[in-house]
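Asker: Sequence:
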Amino acid sequence: MKRNFIRFSACIALATTCGYAQVKDSVKVKQLDEVVFSDTKFAQSKEKSGKVITKITAAELQKKLGQTLASVLNSVAGVEINGTQSANGKNLGYYIRGGKNQQVLIVIDGNPVTDASGISFEYDLRLLPIDQIESVEIMKGAASTLYGSGAATAVINITLKKSSKKPLQANAYINVGSYNTANNPKYNGQDFNQGFSVNGTVSKVNYLASINSTETKGMSQVAEPNPDSNYDKDRFSRINYLSKLGFKVNDKLTLDFFGNYDKVNNDYDFQYDNTGLNDTYFNKSKTEQFRFGFSPKYIYTKGEFRLNSNFTKLQRAYQELNSGANGIDNSSYGSRSVTIDAFNKNIISTNFYLITGTNYQFHDMKSETPYNIITKEVAKFNMVDPYFTGVFTSDFGLNINAGARLNMHSQYGNKIVYNVNPSFNFGKEIPVKLLASYSTAFVTPSLYQLYSEYGNATLTPEKNTTIESGIEVSLAQKKLTFNMVAFYREQNNSIGFDANYKYTNVEGLNKAKGIETIVNYALSAKLNCNANYTFTQVDEALNRLIPKHKVNTSIDFSATKRLFLNANYQYIDARQDTFFDGNTYAIVSTKLGSYQLLNALIKYELVKDRLTIFGNVTNIFNEDFVENSGYSARGRNFKLGLNVKL
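Residue 334 in the numbering used here sits at position 334 of the sequence shown; the count goes up by one each step and never skips.
Some hints here could point you the wrong way.
Unchecked claim - Here are the simulated PhoX-like cross-link-like pairs (lysine-lysine), alpha carbons at most 20 Å apart as the crow flies:
no., residue 1, residue 2
1, Lys-366, Lys-313
2, Lys-313, Lys-248
3, Lys-204, Lys-162
4, Lys-645, Lys-64
5, Lys-252, Lys-302
For the record, the hints were derived by calculation from the structure and aren't laboratory data. What you are looking at is a predicted structure, and each value in this text was computed from that prediction instead of being measured.
Using the sequences and the hints given, assemble the complete structure.
Answerer: Structure below.
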């Protein structure tokens, strides 16, 4: 009871500070017009956008030092990423607007990314270190018109770090932290992250080279029944190499190249017999990803042309303990993906421009397991998608974004999607914007679902329709902003299993609806408060690991020009989950309890623009909770780090 009272008191303190803090700083908070890209693929003022797009800038990322990309995204309104509080090697689940991983599209520097050998055709965010990221935009809702398959509930648009305008700039960082559960507190260094980068611009050439290394140990993925159980501590290690090279031919034409290599080694716990989850030191996995691409850009009098191209080769290998005579199973999965997106912005008039483009994708996969072999000669498909979007921005406040896309798939045929997205901005005297949208989307079957031993070559895409409406309000010269969006989503033609354990399209309609709200209040130039609340209600078929209510609250305080403090609170409502019962051989539903987390960060600039140190503490009250049935969750943990810029 006492611990609950303390937690509740902390929440009230956060809320009352936001609501009643005295404003003593007379310095005006200057707000610039924010630019977003996700809803048009070209730079556009956020005020002209008909979507509520959350942008996490480089400055915002500096306020979240020591976190992973998944944990940063997990604090965004409408976003639930399961696994952010588990051991690092735990699979991540993207639950946005009642959807799952295959309905969320990840885009990196304009290129959609995926694992073509995965069951859900998704991208694993664990491959990407947050230290290599410049900014992130999250656009929720159906967006297949611009982005194609997979953009059914959200697009997460990631921009990697860019070159400095100086001839040479170097950056090095290191942070060390604890890594333990609530019932096994050991605060020695078990979480290590370090990296180095050089970048700059010399004449017409810009360059960037970066390396990151991460390693954690000290937690078992599967939950330990007691502190003395001495379960195997599952290690996670990752190394990332990133390089970029750009050439500015003239004021109109620029050429950009990139290449990166990522490797993850991971121990994991999993079900290998009828007893359910088991702790074992035998299970190991290795993932290697290699990407490279070319992105030219040409600006002309009435518009701009861009081409984003990307090649990805990904290999996953597993060593897994089984209950048979052999003891160990070895499996491997490999995939190749090619994406080319050529698109053009043509300015027809002062108030109207047209975006036209064609997207090409090719994917293949191969796998070899003790139970089946899939060859890349068989498991492959390609897509060609012409699309257009018209953007009208009037002088009196009306903005309209509308378009359509034809997906031509080598396996299932043709599919048309479209969107209509009007908004109205009342202007400076009445700082209110109303918005609405009607969008359709589709999710193609994966290669695994088409060609594995469980596959079905006659599968057709899942269909999604989303309706949303909302309001944005900006008061006191943008010191106080508020937005609220209500959405309704329908999903049909989903892919499931039939009685013969084959993938099939499931008849019937499933629905999700909810409300997402965000409030930001700049009390002064030094003190800023923001909060968001998400309500999500889904049909029973979609109801797994999706909280009905979720709250995030954060206070940023710049005590001096060099000292920054942050406190943030998160409430996750109770969720439904399932687990395998080894006694009855049945999938059993269970309800996971709600939990609350309070975290804090302090950052100090020892040498201006050169040396910064930080410390953070997560789960301050050492809350013992269950994030995912059968798996461990993190308790109170500390992290210290420094960043050197040369």
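Asker: Measure nothing beyond the straight line between the CA atoms of Lys-252 and Lys-302; if it is 20 Å or shorter, mark the hint as holding.
Answerer: Given pair Lys-252, Lys-302 holds - Cα atoms ~12 Å apart, limit 20 Å.
Asker: Checking one constraint from the list: CA of Lys-366 to CA of Lys-313, max 20 Å. Satisfied?
Answerer: The given pair, whose Cα atoms are some 12 Å apart, holds under the 20 Å limit.
Asker: Check the hint pairing Lys-204 with Lys-162 against an upper bound of 20 Å on the C-alpha distance.
Answerer: holds, 15 Å
Asker: Does the alpha-carbon distance linking Lys-313 and Lys-248 stay inside the 20 Å limit?
Answerer: Violated: Lys-313 and Lys-248 sit about 29 Å apart, past 20 Å.
Asker: With the threshold set at 20 Å, check whether the alpha-carbon distance from Lys-645 to Lys-64 stays at or below it.
Answerer: holds, 18 Å
Checked against the numbered hints listed earlier, the structure breaks hint 2 alone; every other hint is satisfied.
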